[in-house]
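Colleague: For reference, the chains in residue letters:
Protein chains: 2
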Amino acid sequence: MCNKNFIYLLNDALENNHLQRALDAVHTFKAADLADILTQLPLSSSQILLVNLPARAYVFSYLKPQQQVKFAQILPWATLAEIIGEMPSDKRADIFKQLDLEQQNVLLPALAQAKREDIRQLAAYVEGTAGAIMSSEYATLKPNMTVLDAIKMLRLEAPATETIYIAYVLDEMRKLLGVISLKQLILGQEQDQVDQLMTTDLISADVDTDQDDVAKTIARYDLLALPIVDAQGVMVGIVTYDDAMDVASEEATEDFLRVGAVNASSKLSLKNASIFVLYQKRVFWLVILVFGSLLSGIGIAHFEDIIAANIVLVFFLPLLVGSGGNAGSQSATLMVRALATGDVQFKDWFYLLGRESLVALCLGVTMAIAVSVLGYFRGDAMVALVLALSMLGIVLLGCLIGMSLPFILNRFKLDPASASAPLVTSICDATGVIVYLFIASQLLTGIAP
Amino acid sequence: MCNKNFIYLLNDALENNHLQRALDAVHTFKAADLADILTQLPLSSSQILLVNLPARAYVFSYLKPQQQVKFAQILPWATLAEIIGEMPSDKRADIFKQLDLEQQNVLLPALAQAKREDIRQLAAYVEGTAGAIMSSEYATLKPNMTVLDAIKMLRLEAPATETIYIAYVLDEMRKLLGVISLKQLILGQEQDQVDQLMTTDLISADVDTDQDDVAKTIARYDLLALPIVDAQGVMVGIVTYDDAMDVASEEATEDFLRVGAVNASSKLSLKNASIFVLYQKRVFWLVILVFGSLLSGIGIAHFEDIIAANIVLVFFLPLLVGSGGNAGSQSATLMVRALATGDVQFKDWFYLLGRESLVALCLGVTMAIAVSVLGYFRGDAMVALVLALSMLGIVLLGCLIGMSLPFILNRFKLDPASASAPLVTSICDATGVIVYLFIASQLLTGIAP
Numbered sequence: 008m009c010n011k012n013f014i015y016l017l018n019d020a021l022e023n024n025h026l027q028r029a030l031d032a033v034h035t036f037k038a039a040d041l042a043d044i045l046t047q048l049p050l051s052s053s054q055i056l057l058v059n060l061p062a063r064a065y066v067f068s069y070l071k072p073q074q075q076v077k078f079a080q081i082l083p084w085a086t087l088a089e090i091i092g093e094m095p096s097d098k099r100a101d102i103f104k105q106l107d108l109e110q111q112n113v114l115l116p117a118l119a120q121a122k123r124e125d126i127r128q129l130a131a132y133v134e135g136t137a138g139a140i141m142s143s144e145y146a147t148l149k150p151n152m153t154v155l156d157a158i159k160m161l162r163l164e165a166p167a168t169e170t171i172y173i174a175y176v177l178d179e180m181r182k183l184l185g186v187i188s189l190k191q192l193i194l195g196q197e198q199d200q201v202d203q204l205m206t207t208d209l210i211s212a213d214v215d216t217d218q219d220d221v222a223k224t225i226a227r228y229d230l231l232a233l234p235i236v237d238a239q240g241v242m243v244g245i246v247t248y249d250d251a252m253d254v255a256s257e258e259a260t261e262d263f264l265r266v267g268a269v270n271a272s273s274k275l276s277l278k279n280a281s282i283f284v285l286y287q288k289r290v291f292w293l294v295i296l297v298f299g300s301l302l303s304g305i306g307i308a309h310f311e312d313i314i315a316a317n318i319v320l321v322f323f324l325p326l327l328v329g330s331g332g333n334a335g336s337q338s339a340t341l342m343v344r345a346l347a348t349g350d351v352q353f354k355d356w357f358y359l360l361g362r363e364s365l366v367a368l369c370l371g372v373t374m375a376i377a378v379s380v381l382g383y384f385r386g387d388a389m390v391a392l393v394l395a396l397s398m399l400g401i402v403l404l405g406c407l408i409g410m411s412l413p414f415i416l417n418r419f420k421l422d423p424a425s426a427s428a429p430l431v432t433s434i435c436d437a438t439g440v441i442v443y444l445f446i447a448s449q450l451l452t453g454i455a456p
Numbered sequence: 008m009c010n011k012n013f014i015y016l017l018n019d020a021l022e023n024n025h026l027q028r029a030l031d032a033v034h035t036f037k038a039a040d041l042a043d044i045l046t047q048l049p050l051s052s053s054q055i056l057l058v059n060l061p062a063r064a065y066v067f068s069y070l071k072p073q074q075q076v077k078f079a080q081i082l083p084w085a086t087l088a089e090i091i092g093e094m095p096s097d098k099r100a101d102i103f104k105q106l107d108l109e110q111q112n113v114l115l116p117a118l119a120q121a122k123r124e125d126i127r128q129l130a131a132y133v134e135g136t137a138g139a140i141m142s143s144e145y146a147t148l149k150p151n152m153t154v155l156d157a158i159k160m161l162r163l164e165a166p167a168t169e170t171i172y173i174a175y176v177l178d179e180m181r182k183l184l185g186v187i188s189l190k191q192l193i194l195g196q197e198q199d200q201v202d203q204l205m206t207t208d209l210i211s212a213d214v215d216t217d218q219d220d221v222a223k224t225i226a227r228y229d230l231l232a233l234p235i236v237d238a239q240g241v242m243v244g245i246v247t248y249d250d251a252m253d254v255a256s257e258e259a260t261e262d263f264l265r266v267g268a269v270n271a272s273s274k275l276s277l278k279n280a281s282i283f284v285l286y287q288k289r290v291f292w293l294v295i296l297v298f299g300s301l302l303s304g305i306g307i308a309h310f311e312d313i314i315a316a317n318i319v320l321v322f323f324l325p326l327l328v329g330s331g332g333n334a335g336s337q338s339a340t341l342m343v344r345a346l347a348t349g350d351v352q353f354k355d356w357f358y359l360l361g362r363e364s365l366v367a368l369c370l371g372v373t374m375a376i377a378v379s380v381l382g383y384f385r386g387d388a389m390v391a392l393v394l395a396l397s398m399l400g401i402v403l404l405g406c407l408i409g410m411s412l413p414f415i416l417n418r419f420k421l422d423p424a425s426a427s428a429p430l431v432t433s434i435c436d437a438t439g440v441i442v443y444l445f446i447a448s449q450l451l452t453g454i455a456p
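From first to last, the protein sequence lines are chains A and B. With the numbering used here applied, the first sequence closes on residue 456, and no number is skipped along the way. With the numbering used here applied, the second sequence closes on residue 456, and no number is skipped along the way.
Be careful, since some hints might not be right.
Said to hold, decoys possible - Computed footprint of chain B on chain A, listed as stretches where at least three residues anywhere in the stretch have a Cβ under 8 Å from a Cβ of chain B:
no., segment
1, 93-102
2, 121-133
3, 296-302
4, 309-319
5, 391-400
6, 433-444
Unchecked claim - Ranges between beta-carbon positions, derived for each pair:
no., chain 1, residue 1, chain 2, residue 2, range
7, B, Asp217, A, Val113, 43 to 51 Å
8, A, Thr147, B, Lys182, 34 to 42 Å
9, B, Asp19, A, Arg123, 55 to 63 Å
10, A, Glu179, B, Val76, 46 to 54 Å
11, A, Pro61, B, Asp202, 43 to 51 Å
12, A, Asp202, B, Glu197, 46 to 54 Å
13, B, Gln73, A, Glu109, 52 to 60 Å
14, A, Ala388, B, Asp219, 46 to 54 Å
The set of hints was computed from the structure by calculation and includes no laboratory data. All C-beta atoms in this analysis are idealised placements derived from N, C-alpha and C, irrespective of residue type, glycine included.
For reference, chain A alone in the conformation it holds in the complex:
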């Protein structure tokens, strides 16, 4: 939404100390847009703008982690401590974890006692769990409050909570008794008690729950926020729907990249990552897959004589091997996504294996007919037969490998997505070479020139 000219003028105003003019020019912008503008301005100007923005902590929390660290290095310590102190607790813990030990040690004493405790606790949870993404700012109510008192309480708590639309009803030990929405309160009678109106069949998650499962639960039940409890049932935080959206988008990106054989996390920015990082994220899979291709090469070496005698076989090699790889990667892709969205579970394996065999048979027959026509025109009836049989076998095997691998990885608690396209393709390729050349060696040697 911001073109270069606007950024140019804004930078000009900031460099010439026309701070008020700059602030006026951006005062209708939303936090996400302001964060964008900060990344487009030169660092000196963006520092001035950030420090003077009314909602600076909120804008700061919209910046990407690497940009937050960049600012953390140049901002005066007192200002940084102020901004970090004003941030939502989950975002505060995130930036804290990005800082190096020395920076953390300077920063901690500058924060209020309560925030110091909070940051230490939140930063201690394992990355990728509910604990690591939860916020400790949520509204709480007591079960015996009246609706009138509850609404008054929420008004008081509002500045220090992520949302006042959902409040959690806790007992003296901070154990979770129920959840009540502002809607339920507004629709209730002023003298009703909170525990008469609250929902007690509540959905919560443990601090150790995988963040992906937290996001799925929020999406499944259309929740505004999910309460997080520790092993003793004591409430320790909430994960809100907007955090769940971010997690879902990150996970989708990671799955997607893995299919493309990129060993990257969703935090990788194609535009800002260094050349070396991009190289590093990609070279791993490329080299691994070389070994996969070597298997195909070894298969070929084993049958070198039959190839030398029937050079026409090489013409069809990419086609047959490629088709097996493609069919296998289709199966794997469908399965990985179905496992990720929860459409299928491990117990469905046998049922799905049966279905997949039928689908693979249909696909294999179609492809076999197509390739045998090509083979007849390029070679002869015998070549056509070799091609048809090979294609059928290759597609069948490819589909079954592609379908089974994600399940097997899932069974061994590995991420099924890491087994997807690249790995499946190279296994199917090698299988394809062997099937093709074995069938050829059985049927063709007799008629070799």
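Guided by the hints, dock chain B onto chain A, whose structure is given.
Modeller: Positioned in the frame of chain A, the structure of chain B alone reads:
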């Protein structure tokens, strides 16, 4: 969450007319879980259960489209009309669109006038736009109302709105003046006017906006709901955050499947789709890719003599060609995802092309060194040189093709994801065959036996 034994007992209770017992057994379940149970029960039992559930319309809206249609075919018309009448307006329009013309004509007269109008309007919007996913049930306020009156108004409107946490302030022509949250109202003074408190710098979308862009806007600004306006600026609906989550998940699935060369929409269920549908979704790309592989075959046929003279070349064929395809599909995957998440735009092409060339050069050199060592041991120094040069050229070309194709498709308003892995791989494969065998023919013919 429901094991087979529970379903068995529930079915038993329903079949033996112990309806109350069945309802008691599920009364703490959430709508999403009840929808799951309905799909696991035999149709006759699930029909009885559905009709008698207190929140049946809400549960019904959680069913997948094909299941809704299944129920629509067996439920008595009057009951179906009642359930559909009680559903949220966006879900009601969705199921209406799934029914055939005859069913629509029986259903419409059974609905109240206002709902009939509403369903006709919502069903008229093009699939995939904001109009097609929006709901017409939102809370509205007048600008000159006091906070006290506004909260009373929201209490009255609550049963007929998707959310009362966000209310839209409209003028007499229903043009959108501002938006006010229940939080702003609660924190305001009772005698304040709505137009003093409301936010006027509001974010809205046009009815024709792509649903994916709507979901992105909601995620970017962490909105609870996005107001949708028509060409005249008149408010016509809202899209809520939970609908945005569904859209984002659908789009991620579609992109993901496309990378795996499956021509499928996100609505495809691996478990429930018929064998024929699965066949149909996959055969298209498999056959298309055969033609891609044929290009490689033609390249091979052109250089048949050099292969026959140096059969060792075939050993390295899968490795070299595969590496080009892998490198290209990495580039394409990174680019498709970066375009989808908005990390890069078309204007970044030249900048990214430069960076990609550098990354590709590093990758190519690494791979060239690796493969030349293999070549030296398997063949001789000359073979090693051929392999190193080919690998470098193939990886460079692969990366540049992989990077450019999504951009070009994007430029021509085609979905960049459809150009991803499968297509890129077969183009890179064919390029790889030609580069490899051309270099071999230049350097090796002289020393052929």
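Colleague: For each hint, tell me whether it holds in the structure or not.
Modeller: Against the structure, the hints:
1. Judged by the Cβ-Cβ criterion of 8 Å, the segment 93-102 of chain A is not covered by chain B as claimed, because only 0 of its residues qualify and three are needed.
2. Remark: the segment 121-133 of chain A is not confirmed as covered by chain B, as 0 of its residues place a Cβ nearer than 8 Å to a Cβ of that chain, below the required three.
3. Only residues whose beta carbon comes within less than 8 Å of a beta carbon in chain B count, and the segment 296-302 of chain A has 5; three or more means the coverage holds.
4. Figure legend: the segment 309-319 of chain A, annotated as covered by chain B; annotation consistent (4 residues with Cβ-Cβ distances under 8 Å, at least 3 required).
5. Given as covered by chain B, the segment 391-400 of chain A fails the check, having 0 residues with a CB less than 8 Å from a CB of that chain where 3 are the minimum.
6. Requiring three or more residues with a Cβ within less than 8 Å of a Cβ of chain B, the coverage given for the segment 433-444 of chain A holds, as 3 such residues are present.
7. Under the hint 43 to 51 Å, the C-beta atoms of B:Asp217 and A:Val113, about 47 Å apart, fit the expected range.
8. With their beta carbons about 40 Å apart, A:Thr147 and B:Lys182 fall inside the hinted range of 34 to 42 Å.
9. About 58 Å separates the C-beta atoms of B:Asp19 and A:Arg123, a value consistent with the hinted range of 55 to 63 Å.
10. Between A:Glu179 and B:Val76 the beta carbons are some 52 Å apart, a value that agrees with the proposed interval 46 to 54 Å.
11. Hint check: A:Pro61 to B:Asp202, Cβ distance near 21 Å, so the stated range 43 to 51 Å is violated.
12. The hint said 46 to 54 Å for the Cβ distance between A:Asp202 and B:Glu197, and at roughly 27 Å that hint is violated.
13. Hint check: B:Gln73 to A:Glu109, Cβ distance near 59 Å, so the stated range 52 to 60 Å holds.
14. Between A:Ala388 and B:Asp219 the Cβ separation comes to about 51 Å, which falls inside the hinted range of 46 to 54 Å.
Hint compliance for this structure: hints 1, 2, 5, 11, 12 are broken, all remaining hints hold.
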